[in-house]
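One line per chain: the protein sequences are G and P, in this order. Note that my numbering has the first sequence beginning at 1, numbered continuously upward. Note that my numbering has the second sequence beginning at 1, numbered continuously upward.
Since the hints were made in silico from the structure, they are not lab data. Remember, it's a predicted structure, so these values are computed and weren't measured experimentally. Heads up, a few of these hints could be off.
[Claimed, not checked] Restraint ranges, calculated between C-beta atoms of paired labels, are given here:
#1 P:Pro-40 x G:Gly-97: 28 to 36 Å
#2 P:Gly-61 x G:Thr-5: 31 to 39 Å
#3 G:Ser-12 x P:His-85: 35 to 43 Å
#4 G:Asn-98 x P:Val-3: 37 to 45 Å
#5 G:Thr-104 x P:Pro-108: 17 to 25 Å
[As the list claims (entries may be wrong)] Not the full set, but computed from the structure, chain G residues with beta-carbon under 10 Å of chain P:
#6 Ser-22
#7 Tyr-25
#8 Ser-42
#9 Arg-43
#10 Gln-44
#11 Leu-47
#12 Ile-49
#13 Tyr-54
#14 Gly-103
#15 Val-110
We put the CB at the ideal spot given by N, CA and C, even for glycine.
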Amino acid sequence: AQTVTQSQPEMSVQEAETVTLSCTYDTSESDYYLFWYKQPPSRQMILVIRQEAYKQQNATENRFSVNFQKAAKSFSLKISDSQLGDAAMYFCAYYSGNQFYFGTGTSLTVIP
Amino acid sequence: GAVVSQHPSWVICKSGTSVKIECRSLDFQATTMFWYRQFPKQSLMLMATSNEGSKATYEQGVEKDKFLINHASLTLSTLTVTSAHPEDSSFYICSASELAPHEQFFGPGTRLTVL
């Protein structure tokens, strides 16, 4: 069975600094997608970044980038130049074969 | 683009009554819609997947007679919680995809409180 593990329930970062959120997953599939979603207090899920497993190049979206290690089944999110608006719950997610699995989330606090 | 709405955003009902939650894709045709449940400070749990015009596929452990899902059109899916009980109180989130199921757009969620 596919599982997604986020081992950091809470993280904090100083404004303008960099933080990395960890995610590992377990799968026997070779073709899948990985995501990081942000859920602010409004609870609206917002896609931060997406990685396709067959692509070796790490995805980047402005201040957000991932470190995708397929062999290690690791998918960490790096947030550079952290801003107050980055404070939220971050969920790592896995998709394959019409199945979506979410990790338990990491609550990120940004300290002014 | 790619906006998904949910209605209502918050509903309170008495135990034993049924509640319907609507999920609409406003600017695209949603061939697939997903329904999730999220408990406080917990992750999203996929309840079911529905394709337009077809019966929903429920995840293991989700009571299909309890959570009725209808996807009658390409822009609307509904989740009806039948004979709701306090343990059904939760945050329900829908998402929709047009072409590729992995490209999901999430609604803002509906908070259900059963008294």
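Where does the structure disagree with the numbered hints, that is, which hint numbers, in rising order? 2, 4, 6, 7, 12, 13 and 15
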